[in-house]
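Colleague: Protein sequence lines correspond, in order, to chains V and F.
Residues in the first sequence are numbered from 1132 upward in steps of one, following this note's numbering.
Residues in the second sequence are numbered from 1132 upward in steps of one, following this note's numbering.
Hints are all accurate, no fakes.
Identical copies carry no separate label here, and so any pair may be met within one copy or between two of them.
When the alpha-carbon atoms are kept at most 25 angstroms apart in a straight line, the in silico SDA-like pairs for lysine to any residue are as follows:
#1 1134 - 1348
#2 1256 - 1440
#3 1256 - 1444
#4 1171 - 1181
#5 1256 - 1443
#6 1308 - 1415
#7 1134 - 1154
#8 1256 - 1454
#9 1185 - 1414
#10 1256 - 1447
Because the hints were derived from the structure by calculation, they are not lab data.
Number of protein chains: 2
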Amino acid sequence: MSKLRVVSFGLGPIGVRAAQLAHARRNLELVGAIDVDPAKAGKDLGDLFQPATKTGITIEADIGALDRLRPDVVVHCTSSFMPVVEQQVLDICRRGIDIVSSTEELLVPDLQHPSIAASIDQAAKAGGATVLGTGVNPGFAMDFMAVVASAVTYSVQHVRCVRVVDAGTRRLPLQQKVGAGMTTDEFEAKRATGRFGHIGMRESVALVARALGFEIDRNEQSLEPVLATEERKTPFLTVSKGAVAGIRNIGRGSLGSRVLIELDLSMYVGAPDPRDEVHLRGDPDVDLIFQGGIAGDSATAAILINSIAQVAAASPGLKTVLDVAPPRSTAV
Amino acid sequence: MSKLRVVSFGLGPIGVRAAQLAHARRNLELVGAIDVDPAKAGKDLGDLFQPATKTGITIEADIGALDRLRPDVVVHCTSSFMPVVEQQVLDICRRGIDIVSSTEELLVPDLQHPSIAASIDQAAKAGGATVLGTGVNPGFAMDFMAVVASAVTYSVQHVRCVRVVDAGTRRLPLQQKVGAGMTTDEFEAKRATGRFGHIGMRESVALVARALGFEIDRNEQSLEPVLATEERKTPFLTVSKGAVAGIRNIGRGSLGSRVLIELDLSMYVGAPDPRDEVHLRGDPDVDLIFQGGIAGDSATAAILINSIAQVAAASPGLKTVLDVAPPRSTAV
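Turn these sequences into a full structure, and let the hints steer you where they fit.
Modeller: Now the structure itself:
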């Protein structure tokens, strides 16, 4: 069986890690790497790996390189937001190249951006490409797993997911994303931008609601700081006692006064008992725990790579994780 | 959206329960019921429901009824063994009707019966039908869940699943299937038939091995009785102290002396701490527990019904649970 040809597009921390996994995987052939940052162009991709190595793959800044590289699939990790990635995604899928993207808003593309979703779907079908947004959260821990677990129950009445992440064990951008070390005033100012903290909670609520057929009339979230009760040091920063250690982000899907879907995410430095839980009330109930939690960064890189073959096998169009065969890893 | 038309074929305990779920589900229309047992023919299907009700659906004994009923999908629950169901499956899929089957050997159809698998695949493609074998075990708890959980890890080195079922809480056929109440001599005689105990362990090992790309040169299982350490009563029978309470069935996929996949199933009357566990050694490790376990009978009926829409949407041919979109339930 011939190997799928892969190009990595977007070489931030997750993109680089995904590229490193794709490079190592026996059933994939990483043939190129693209990042719009001119400071990265011309380097060997392996210079960004940990540990650094030589891959013979030179980072390019121009998306036009795809015409020469001719990959089957692009692993796309450039932004959380659909308006930011729209043109990139269109440019790739018009070339007939499939896309696995970490863009959080692509999990349920028409939720916040129906017209962008429609144009991507049209371009993908016209070009013969499949586009999928996925990741650990959103994309797995607080949504897809609830859907998969529902397979063994009937008539679900209520869904509750709990995710607890000790941000102190994660990369610096994640710690910054949850506001670790900020004052509460700084936190408030960031929160007001609407692009702070975890991205994708409303998409997770929507995915669960649509997958299980819950009728909801509200899809809301709350975002609150969690304050450090004692000083905490991470490899990257120090959180003083009383400063912001991270976030608590709760998503709720409701019909009238009834909350049908509750997704409860804590990500802060020092969070105890990291774990992922899925609880379905149905016939029968299903109660599922990932002990220790789903490790964020390596798991996110992994699920992107683990989705490539399924996306390559799917019919053209803009898909969701509900539409394609489930992602899976490969033995050593 | 029009409802999928469903016929239930095979009205044993699981088939009846699945029929009852299909009848109740808002996005399905149960249009018929077939069982080859002439004693059931002519009855109202609802006479077999719990609680009994009237459905207006008369049980028929002849598979030819499908020509009149014209379902989109047949839910097929007649036997664990492919040689037994071969003709039924061929007769259904030649009519262009999709099949969701509880036949355990259909989980990995070419493992034990490659020529039957090939003829079903050919007939399905010729007729434009999709055929899928699924269930809780095999089909979910000890195989599919390990595959899905692998999505968030990279380079899996080892897979271990543990399933503990208190057979005392299950239906009589399940208690009989695991030998509850037998003497050890009776157990030995039954075991020698090769069609006793849990069916599908080798299929589960094979599914995990293929899904994750493990190269294995042995797929073996052991089957031992678990003896009652004290007298146990179930709603259906009594297990004397020292008699067989049930089974321990361990499947192993190995390469040389290295066990790569270990599936450890205990099903006996009085088994403590019922649960399902999935443990993947990889980068990172994944450790998953279904607290209380996946309830067998209602869960098996549920996963059949929860797979209908995905099978109806899939391309024609004989598929496995790895090939189609994941099953999912529906909100009340």
